[in-house]
Amino acid sequence: MKCIEMNDLEIVGMNGAPLVECGRSLPVARRKSDGFHCVLQIPKDDEPISFETPEEAESYAATGRWTKIQGTIQIPRSCFSGDSAGFTHQPMMIFADDKLLDQADRLPRPGSFNGERLVWRRLDGYDESIHAACCSEETSARLLDEWSQLLMKRFNAWYYYHRDQDYLKRLADFALCAAISRGLRWKAYLRFALVQEPEKIRRTFDAFTLREFPDASWERYKEEIKDLNDFLNNRTPFEHLSVEKSDDTSTESKLRGIARVAPDDAPTKAVA
Amino acid sequence: MAVFTDLDRRVCEPPFDKAGYDARRPVCDDVASKMPIVHVTGYKRLFKYIFINDPHEIPPTDGSHSLSSGTRKAEDLLGFKRSVYFYAGRAHRKFGNVALAFFACCEENHTGSATPFDSGGLVHPRRFIKLKLDSDDESRLVQYGKESVLSLSEWRTVFGKILAAYFDNVIDYWKGKPNPHDPEGLYELNDEWRAWTFEVRFYEGQSIFDRAAWCTDEPLWNRLRRDHDGQETKPPGDPPTALDRFMEGPGLIIAPGSATFCDEVERWVRKEVGL
Amino acid sequence: MMDTPQIFTFYSFKGGVGRSMALINVAYSLASKGRNVLILDMDLEAPGLSGFLRRNHEIGEPARFDMVDLIRFAAELSGSMNQASSEITAISLPSLSDIVVSFQPDRRTPVKDEYIAPGRLDVIPIDEDRDYYSRLNQLAIGHFDRNRLIRVGNTIRRWIKDLGFPIETPEYYGPTAKRSVKYDFVFIDSRTGVTEAGGLCIGPISDRLVVFCSLNDQNVEGTRGFLEEIGVIPPRSHSNSIVNEHENPIPKRIDTKPTMIVASPVPIGEIEFKRARLKILESAIGHVDSVLTYHPRMSLMESIFTRDFPEEYLCNEYEKLTKCILDRVESDIDYVSKMMHQSGLSPEMSEKFRTFLTSFSPESVKLHINESDEQMVFDIIAFFLYKNRTIINNDIDYLLYDIMLQKMNVKIPPGIQVSTQRDFDPILERAENLSRWSLSTEDAGLHNSRYETALKLIQSRLDKTPPGEGYFRVLIHRAKIYMDHRQYDRAISDCTKIIDSMNIPSDLRSKAFFSRGKAHFMLGKNAEAILDFQKSSHFNPNDKKSLLFLIIAYLLCGKDRQAETNFDLFLRVAKPNDIEELKFELNVLNQRNPNYDDKIKGMLVKIDQWKPSEDRPLVR
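Each protein sequence line maps, in turn, to chains A, B and C. So in my numbering, spot 47 of the first sequence is number 47, and the numbers just go up one at a time. So in my numbering, spot 32 of the second sequence is number 32, and the numbers just go up one at a time. So in my numbering, spot 202 of the third sequence is number 202, and the numbers just go up one at a time.
Worth flagging that the hints you see were computed from the coordinates, not collected in a lab. None of these values were measured; they are calculated from a predicted model. One should not assume that every hint holds.
DSSO-like, lysine-lysine: derived pairs with alpha carbons at most 30 angstroms apart [to be verified]:
#, chain 1, residue 1, chain 2, residue 2
1, A, 32, C, 480
2, C, 559, A, 32
3, A, 169, B, 44
4, C, 559, C, 599
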């Protein structure tokens, strides 16, 4: 790659648009010295980065090809060595809607991950719950995978306990949006199928799952869905503890001394 | 004169290597004849316009959600009709988050033209192509542009010759740059690939269902899945929706979403042409 | 230290005593005092609170789940295990945004003190428009056995205790800043009477009870019986109906569930009779902590007095109840500790702070400030950090100091409460803290962000300060920040503006000459530096620092004789720490330029022979 002055670049947006609740995309960077913009991808084979004029950048943003962030973000330090030595890691924008992060129990948005600092910025023209940050490609994949795992964990618990179908579908959909690694995507597809309307499962399999997993077979897919259903139904996802039953039947007897029952989290008193 | 003007005669003289040219021609002609053409666009244009409107075609530049005003000016200057734009074998990520590749046979049903460079880069108000011309006037650029126009029926032949004449290796079309043997300096003064990539223009819309390969970025791939799932199930016998046809219709679909979806498409293109 | 959040159950044996409205009034009041409050409507069969909030547009659209769902989910979860861990509870019960509804911002009680940000005020209501009856039937709380009530209570309690909501933090805080906080108070509106739903509310779910009781016999007897049943007060030895105050002492409440008694509603007038009835109430169920008087407006239309009718007596009584609740859980020192805990402080600073805190008696601090508890807390912390600012070298300490300085920068007039220094200004101190903080990081983005914020603060102060001494005092701060960031030309420019101005005190002029001299010195312009150090010394003859740098500048210029003369002068008036500083600077100079080796060695020998002299002013 041709030498590029890293300190002369700042991130002002991302390629594409936040079409789902989380994901990643290439950053759009601006050269401070002349205001020209580029989609920042580490070029291979000594190819120069092509820069566009500020007016052209505006037109890309206006047609939804790029999405601007509010303010700017510095190129992550983890992505280059020295001020002009060039990229060592591909920088990547990661965006997330707080609605998804809340389900993943990852609110507030992390200030750092995998040793990289994350500066979150709102996206122009989008809901204030959506923010984007920039980090290395590796970190972006790990972070999204982490969210996907957390979402599937919640899915498992809710599938076992509560079975709110709409909510489960939302969780599985979120988990698919987040999952990057192949293993996690397969698991997320299975959960998505588990809570889909039966007539749609095959359609999604043919149009999407099969595109990502060309070796998968419909028969095997069906079997895995069934196995997952059995697994999630028949075994509590957590350590099983026996439940005590009481013989109290009248309301008065149930409430007797109940205000004196210490909560689980109360400090235990030493027994003499 | 254009990079291909009088090329058969020019390759016989230094600095061209005639023997090498002759040796490369068969491979280059083969690559040129097979070279898929690629169009990159954004979600809004694809979904808010193409999917919901019959006949589900990528529209020429007067369609909505296109980068039109500057492009239309360039078209007017060079005498092109409103066009759908493709690059021969290359995809530029700046145009959006979905890349669609089409086989050469798509050209048969179209009128249009081609140039051995990005025509907008030459005369667009935001031009980026540099040339050594005797004058910097716009009229001189326009003249150069017009000299470089090829018809749809002839561009692949010329493309094969250009690959053989200016590139030591065909792969340099993607990973290197041409030798600077043209007097106007198109290949000498420019480092950006759009200066040597053939641009193909159709004057009519191009059906998205004819795509040979396609790739999106990750968010768009997930959005497609969600939109697809959100469609109501139709009774048997009802015609499929445009999205159904797009997803399930014939044609190779490359991998799922990828931030480097343009690279994926180019990789597929190179494989298609045997590289 | 207070276990956050504190969960209060508001209970009444009978309805119509103003329990729900007291809850909502206290909640509004606490939120206006900066506390974060969550309300749970657990009056499952008669969700009056939710109805009121919806009818009056106090809250927005319902969330995906409501209180009935939460209890069902908790029951399902606790049906398979006796005790679910926090992690299991967190993922098995709804996330915050799926169940909590925020109060409309424009319906909130305005905060009285401008330096307090309003607290968060949320509710988990009951959504009566979404299959309410079928969901309630499905829940079948009446069939819960005692152990299940306890398990469900514990599960919801654990979920509540772990709830946190995100807060926006400025970018310059960096990645270690705290980004979420917990609720301070959770108020549960309980079912009346003796029911399983009521039992759930008063069981282990809550930390404290607030029991509402009117003065009539039916209410007093019923409440007493209930409190005995649930174990808040010991059972009576005999079963008299109405207790005679002379025969029975006020019953002592059992300590396991701290309980407040609120007499409500108490009629207006009938003073003697009312007093007698209150005594009967106290002898039946214990000390009455608060009294709420009947108000005709409340009987006609439920109202939020603490927001809409601040002049009414009932508002005053709600405020007293609020204070009573606050006093139960937050002593002043508790509150200081909580603030420190929430904001974070490094272990070293925490240790120092503990020592520092014990040197205060809360009463003396209150006398000194006498504004409000919050202000006192901010002042104590800020004062502590100000005193220790030179040893702050840790992100969380920098951050806390920044937060505390922000808390005080609107309210406190510069230099009055906190500082022993005349020119203390929280905004400028904040700018200097940010400047020092920016130098502590290797992250270029954070460095710039903090430095730019510091300069913006200074600029905001300059914009508000009319030309004159105050303006130039701000400029000298900026020059110092520029110096720290090696922006010497900018420092020189600011100092020159001060030097060129008329009618400024000599101490300020001296500082400006010294700073400019040092900037010249750092740029290698020793001749200019010497002139400035001389002037600085002239305007403040007791300033040994100028003399010190003058010596070094002379040395660098090769003016050894002048250096020696000033060196002897310096030795005559120096204190031990001045000598240490001179030694340090000479060693730095020696390392930078070995050519001065001999001269410096000579000076160091003299320094070793140096003995402290009598204290006297430096006059040449």
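Evaluated hints:
no., hint, in the structure
1, 32/A with 480/C, "28 angstroms, holds"
2, 559/C with 32/A, "47 angstroms, violated"
3, 169/A with 44/B, "25 angstroms, holds"
4, 559/C with 599/C, "11 angstroms, holds"
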